[in-house]
Structure formats: structure tokens, C-alpha cells
Amino acid sequence: VSYVVAATGCQPLEEYTEHLENVTCSIGNFDATCGRACCDSLLASTAGYWELSTSAMFGAQKVNPPRSGTLACTTDLCSYSRPRNTIACEEQYPTRVSPATFKDVSNSLGAAALLGVSCKVDRQADWDGAPGESLSAASFLVNDGRTEAVQFDGALNSGLLVAANIDSLVTGDPLTSRLPLSGIAVEVWFEVGTDKSGFYGLAAAQQDGSSCRKGWSLGHSGTGAASIITFQVSLTSTDTTGYGVPSFAR
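The opening position of the sequence shown corresponds to residue 44 in this note's numbering, with each subsequent residue numbered one higher.
By construction, these hints were calculated from the structure, which means they are not laboratory data. Among the hints, a few may not be true.
With a straight-line cut-off of 20 Å between C-alpha atoms, the simulated SDA-like cross-links for lysine to any residue are [what the hints assert, rightly or not]: (1) K239 - V213; (2) K257 - L245; (3) K105 - V213; (4) K257 - G226; (5) K257 - I209; (6) K105 - S124; (7) K239 - L222; (8) K105 - L204; (9) K257 - L199; (10) K105 - D210; (11) K239 - L199; (12) K105 - T89; (13) K105 - E94; (14) K239 - R166; (15) K105 - L222; (16) K239 - G197; (17) K257 - A246; (18) K105 - D119; (19) K105 - A198.
Quick list of the computed label-pair ranges, beta carbon to beta carbon [to be verified]: (20) T214 - T237: 20 to 26 Å; (21) P217 - K239: 38 to 44 Å; (22) Q194 - I70: 25 to 31 Å; (23) G258 - P137: 30 to 36 Å; (24) T219 - C68: 25 to 31 Å; (25) T113 - T219: 23 to 29 Å; (26) V276 - C68: 16 to 22 Å; (27) T273 - G188: 29 to 35 Å; (28) K239 - T214: 38 to 44 Å; (29) S111 - S151: 23 to 29 Å; (30) A269 - C132: 36 to 42 Å; (31) Q250 - G197: 20 to 26 Å.
Idealized CB from N, CA, C, for every residue including glycine.
All chains should be modelled from the sequences, with the hints used to inform the complete structure.
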């Protein structure tokens, strides 16, 4: 008896549709206290909202310019590129990440971008591929059959960037500022996948330097069930250094 099995490989991500029902304002997420109208109203008042999923990588997106390189978008997706780094770095190819972003569902702050690494050698050498053979935002997607997420390992993928400079997002005027000026609520869904102790960032709009400390951050330390969630925000009136440097309150 002979058997013939035909295989065509993986379905292209842009053609996969099973994830489309996994959206915030879907009927499975409603309850007696918050239905469709409540959910839509909440999204409308949200400053920034990123679903790290396949569908979020495609379509027209708003982006902020990176500190170096170029983040360019078409109506289909956004791509990041920069020249080959030749300063104390032995990478072989220019960097091109495509797709490179996850759209901001609120369309306010801008897409969250994966920009690769500054020098693609040693542990980061997997980034140093010929055009079409390098990593992208799709390389770090994981799922449990229904819900998608992005994996951050601290080496190949240490995080996503929304804006290198947030001056344009904070105007000081409540009517025009895209970041809140007086109150804030931050929500992050994550799972700890390491047994190494340390402090790991989750979300931040922060500058932490020796002479100027601004903003806020949310992070966690420890491992698994022993994780400690830390929220810190800069203060302008308390100087604990003796050098006129504002401190962070936790």
C-alpha cells in the first residue's frame, strides 16, 4: 500500500484569519457591567493601545521617527532600515526589519516598533541576514491556538519603541496633548517565562539620567509567582541625592 501526502508549508501570516475574533471589544469580553457601548467608549478615551498580534502588523499605521535609521510605511505595513554598522562592529549586512511594527489601535501615540539591535554579532548574530532572510516582528509571535503574544528574551528582542522623543506627544495643554497630564492608568498583560531573577521593564515613558529624571515606568522583578510589580513616577519636589536631582517614587 502506498500513501501520498501533499504539503504546502505554512499559511502566510497576512492570509491567516482565525485571530480576527480575538479583539478587545468582542462579545466574549463583555459582562453585565460593561457591554459594547462601554467598551467602545473606553477605547475612545485610551491614549495608546497595542495588541501584539498578526493582524496588528499589517495595514496603514501612524509612526514616530526613530533616533537612527528609517521607519517607512505603506498602506500594507511598516519597515525599519539602517545602513550596516561599521563602527567597532563586524556585521555583514544593512538592517531591514519588515514587518517592524504593531499598530496603535487608538491611532494616537503611534505604532510600537521593533528596531533590531545596534550591532548584529555574537548573541545577536541571527539579526545579520541578507535581505529577506533576517528577523522581523513576526519572528517573535507566539500563540496558544487562540491568543497571540510577542516573546521578549532580552537578547534578540529586548523591547518595542513607540517614540524616541515624546516632546511632540506632550504639549502641556489637555486639549492637544496626546499623553495624559494629570492622571494615568496603565494595563499590561504578560507572562513571566524566565527563572532568572532581575528587574524587567513592561512599559515606560521615562528619562532616567544623572541630571534629569522624568516620567514613569512599570516593571516586575523576581520570577513566576514570586514576581513583584513596581510602578515608579518622577517627583519634582523631593531631592534625595543632594545634587538637585529629582527622585523616583515607587
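Structure-based check of all given hints:
no. : hint                    : in the structure
1   : K239 - V213             : violated (36 Å)
2   : K257 - L245             : holds (17 Å)
3   : K105 - V213             : holds (17 Å)
4   : K257 - G226             : holds (15 Å)
5   : K257 - I209             : holds (11 Å)
6   : K105 - S124             : holds (17 Å)
7   : K239 - L222             : violated (34 Å)
8   : K105 - L204             : holds (13 Å)
9   : K257 - L199             : violated (28 Å)
10  : K105 - D210             : holds (16 Å)
11  : K239 - L199             : holds (17 Å)
12  : K105 - T89              : holds (16 Å)
13  : K105 - E94              : holds (15 Å)
14  : K239 - R166             : holds (18 Å)
15  : K105 - L222             : holds (16 Å)
16  : K239 - G197             : holds (12 Å)
17  : K257 - A246             : holds (14 Å)
18  : K105 - D119             : holds (12 Å)
19  : K105 - A198             : violated (27 Å)
20  : T214 - T237: 20 to 26 Å : violated (39 Å)
21  : P217 - K239: 38 to 44 Å : holds (42 Å)
22  : Q194 - I70: 25 to 31 Å  : holds (29 Å)
23  : G258 - P137: 30 to 36 Å : holds (32 Å)
24  : T219 - C68: 25 to 31 Å  : holds (27 Å)
25  : T113 - T219: 23 to 29 Å : holds (27 Å)
26  : V276 - C68: 16 to 22 Å  : violated (30 Å)
27  : T273 - G188: 29 to 35 Å : holds (32 Å)
28  : K239 - T214: 38 to 44 Å : holds (40 Å)
29  : S111 - S151: 23 to 29 Å : holds (24 Å)
30  : A269 - C132: 36 to 42 Å : holds (38 Å)
31  : Q250 - G197: 20 to 26 Å : holds (21 Å)
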